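Chains Z and S supply the protein sequences, listed in that same order.
Residue numbers are given in our numbering: position 179 of the first sequence equals residue 179, and the series is strictly consecutive.
Add 1000 to a position in the second sequence, counting from 1, and you land on the number used in our numbering.
No wet-lab data here; the hints were simulated from the structure.
These numbers were taken from a predicted model, which means no experiment stands behind them.
Even for Gly, the Cβ is constructed at its ideal location relative to N, Cα and C.
Please note: incorrect hints may appear among the correct ones.
[Stated by the list, open to error] Now the in silico label distances, taken between C-beta atoms and shown as ranges:
id, chain 1, residue 1, chain 2, residue 2, range
1, Z, Ser-221, S, Ala-1023, 32 to 40 Å
2, S, Ala-1023, Z, Gly-15, 48 to 56 Å
3, Z, Lys-222, S, Arg-1057, 17 to 25 Å
4, S, Thr-1007, Z, Thr-363, 47 to 55 Å
5, Z, Gln-264, S, Asp-1047, 31 to 39 Å
6, S, Thr-1007, Z, Leu-62, 32 to 40 Å
7, Z, Tyr-42, S, Thr-1007, 32 to 40 Å
8, Z, Lys-263, S, Ala-1079, 40 to 48 Å
9, Z, Asp-292, S, Thr-1007, 19 to 27 Å
10, Z, Leu-328, S, Ala-1081, 41 to 49 Å
11, Z, Lys-263, S, Trp-1109, 33 to 41 Å
12, Z, Glu-64, S, Tyr-1016, 41 to 49 Å
13, S, Gln-1015, Z, His-63, 38 to 46 Å
14, Z, Leu-328, S, Gln-1015, 31 to 39 Å
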Amino acid sequence: MDTLQTLSGLWEDTGFHNASWGNLVMILVGITLVILAIRYSYKPLLLIPLGMGIMLGNIPFLHEAAYHTGIYQEGSVLNYLFFGVLKGIYPALIFLGLGAMTDLSPLISNPKLMLLGAAAQVGIFASFIGAMVFGFPMAESAAIAIIGGADGNTAIFLTSQLANGLRASGNGMAIQNLIGPIAIAAYIYMSLVPVIQPPIMKLLTTKKERLIRMKPPRTVSKFEKILFPLLGLLLTTFVAPASLPLLGMFFFGNILKESGLTKQLAATASTIIIDVVLILIGLTVGASTQADVFLKWESILIFVLGAIAFMVATAGGVIFAKVMNIFLKNENRINPLIGAAGVAAVPDSAKIAHEMGMKEDPTNHLITHAMAPNIAGLIGSAVTAGLLLGFLL
Amino acid sequence: MKTLVITFDLSLVDQYTLVIAIAGYSIVLLTLAIMAYFFTRLHILQDFLAKRRLMVRESDDKDKNPKVVMTGEENAAIAAALYLFFSELHDEEKYVMTIRKVSKTYSPWSSKIYGILHTMKNR
Chain Z
1 MDTLQTLSGL WEDTGFHNAS WGNLVMILVG ITLVILAIRY SYKPLLLIPL
51 GMGIMLGNIP FLHEAAYHTG IYQEGSVLNY LFFGVLKGIY PALIFLGLGA
101 MTDLSPLISN PKLMLLGAAA QVGIFASFIG AMVFGFPMAE SAAIAIIGGA
151 DGNTAIFLTS QLANGLRASG NGMAIQNLIG PIAIAAYIYM SLVPVIQPPI
201 MKLLTTKKER LIRMKPPRTV SKFEKILFPL LGLLLTTFVA PASLPLLGMF
251 FFGNILKESG LTKQLAATAS TIIIDVVLIL IGLTVGASTQ ADVFLKWESI
301 LIFVLGAIAF MVATAGGVIF AKVMNIFLKN ENRINPLIGA AGVAAVPDSA
351 KIAHEMGMKE DPTNHLITHA MAPNIAGLIG SAVTAGLLLG FLL
Chain S
1001 MKTLVITFDL SLVDQYTLVI AIAGYSIVLL TLAIMAYFFT RLHILQDFLA
1051 KRRLMVRESD DKDKNPKVVM TGEENAAIAA ALYLFFSELH DEEKYVMTIR
1101 KVSKTYSPWS SKIYGILHTM KNR
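Isolated chain S (complex conformation) (with noise of 0.2 Å):
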């Protein structure tokens, strides 16, 4: 081992070095402010596209379907139908049990008789 020689010498910290621990850090700390205003700003380009996919998809609506217009009639007759569907529904089961037989080849390598947790037993 080398014997212990501790140097505190000031002057070792020259410009270049304080240059590369300000800048360095001033660069890091301003990289991440640039992406955390960024993200905190995000919402307005967010909303923008969100308003522009709203319109867009409103205008056709509009082109594709001109609106309906149904009468009281029609709207009786489809609650009717709904209704007759919906109770037509059961959620009864038919309490039938199916039990299918599997059918377990033997093999003396998964035999119980053989397993190493029989110990031995004194006569």
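Chain Z extracted, bound-state conformation (with noise of 0.2 Å):
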């Protein structure tokens, strides 16, 4: 009789006994996610860890078992790993590691390429107003806005202040755990640049447009490179001070690159830091996709917002490109593909205007002057999720 109850028992704490259609739909996705990165070599660096990830948060356990396994269990060593995500420790670290790989001197030399950075905001208030008409409370509705801002780190910094299921609305509503569908939605909206972009692009310019041929950047002295940092952190913080994980570590990291004198600290967190901080946060975020809180109709619902905004920010940087041409001189026009990298998505969109440009005229490279509204629009978006924070906290 005890062999057969403890058999029974084992039987009982087996991921066969426990499973749910739901962990095999995830896991399937999982899969298919780690598929597609290594047989199509499909952003690997992304969608390894985040398949695997997926697969590991979905794997079903007994969830009364007096050992702690699952991501949302107190004590267990994902939960541990989860806390950097849900602290916005992983975020700023990777921001740490974008400035000090990051070079300014595109943005320098043609400061008026900012304005397409911040233009492309527009996606994300459009999609707030959006998620909001939708019934979605405030804070879940800024967190699903920050979607179109394309930049999977602020996404995860923003929802996991706003929308991390620990908090309730003003009104007593509670708030849910959106983590796990917004990074995932923003993740695969930064892969799908190549696929969503284009298209908005072409309807949105003429070929004549398409053809401009724009100024060659100046040279960038160094007392330029350090003192857009130095500037550049103290007004973006002082306007929202909420963004200081961020754009604080992301300027810091900028001056580590630019003074020359701390190259090996630059080198260290442009290249292990970000690469740690890569592996946890794809695979935590991956095993934050529980089934039971993944697979809600909310979450595609929030899938089709961060596309809206995604598309609404693209078309608001091209747009405000073409109004800025009407008042630039002919040899200082501006081509409006690269308005469409004004999202943050660093550095895909800017390759895509780049590539656009390249397929229209093959002697113009527009990859250097796409870089400015590309990096604008990370302090731009970082700067919104600031504001937002600032806003509803």
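Both chains are given apart, each in its own frame, so use the hints to dock them into the complex.
As structure tokens, this is what we get:
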């Protein structure tokens, strides 16, 4: 009898006994992402940790067991690793690495392109209103809208503060934990930049506009390169103090690079630290998509609203570039394709602008110009996240 | 899974939502516009600093290094010395090759005989 009980207990403890359809569906999603990454080399740095994370998070287990396995179970290994997501530590460290690896020269040499990065933030605010219309509470709407910034780290940072399942809205309504769906949507749209952006860019520009050649960027002095992060840090964090963990780290990383005296620190931040954090953030965000938390109709709506936000942001950047051209002299005109790089998917959206420009004229290299709104978009979306936190917390 | 209830209610967008959206977007635009304006005008500050630096250097040079006047003979002597110096330079190598013998200590761990790439042969 004892043997039977032991064996029965063992069976009840296994994943086969505890599996639900939701778990199996999510495991299939995880496997698909891993196959996409390995077989087609599609964003492997992002999709392998994410896919494996989704599988880890959806391995069925006995919730009443004495040991703690699940990412949402206090004290489990995954729960400790998830702490970095919940408290916004990983996004901040990724911004440090981004700052240490980013050359801000394109932005400094043509500062008016910063406006394109700001203009593209229209996607965030438009989908914020859209999410409200669909009945999401304000905090959840803001978290969903930030997908339009097309930066997974900013999205995770804002969602971890606003929609982490631990807060209640002003009218007492519980705020859901949306970290999983929002992070997955943001990362997926980041990897779908080559699919989503080109049709919108083509639709909103004429062939003549796509052929515009921009003036080559001027050389930037070391003085300017050092002044930019200092001034950028002061201005952006004075305007939106809540964005300090992101922008503070970004400009700190950049000053490590540009000072020329802390090369080894900049190298560590831009390689070792960012790699370690990328592993942890991908794995834990993937694992946070436990079927019971992720497989909801709201997730589908989040994906739809995120896509709209992303498309509006792309269109906003392109249209703003066209408007700027009305006021600019002929020799200073902007190729509107680079307006699409105003979303913060660094450097994918800049590459897309470059490739589209090359399709029209193989000698027209737009990559350097497109990096300027791309970086401005990164800064702009972090400022937007800080402002939304300031408004809603 | 919950049943899907999609609400589409424009009245949910209250005044506060609109204020957040409009003010938020304007602030982002304004912040980056200020940065853009500052860096567009930065060359004025740079020119000013460069001019100032140049003026300071010129006045220092005047004080420290009074203008040197050299005669033709002195110039000719310097030129001759330089000519002699450069004509003595040569770019030929000695053509002697030095080979340093490196002794390798044998270890079964590095032995090629025991490598895993050797396949078994059927006799």
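- Violations among the numbered hints: 10
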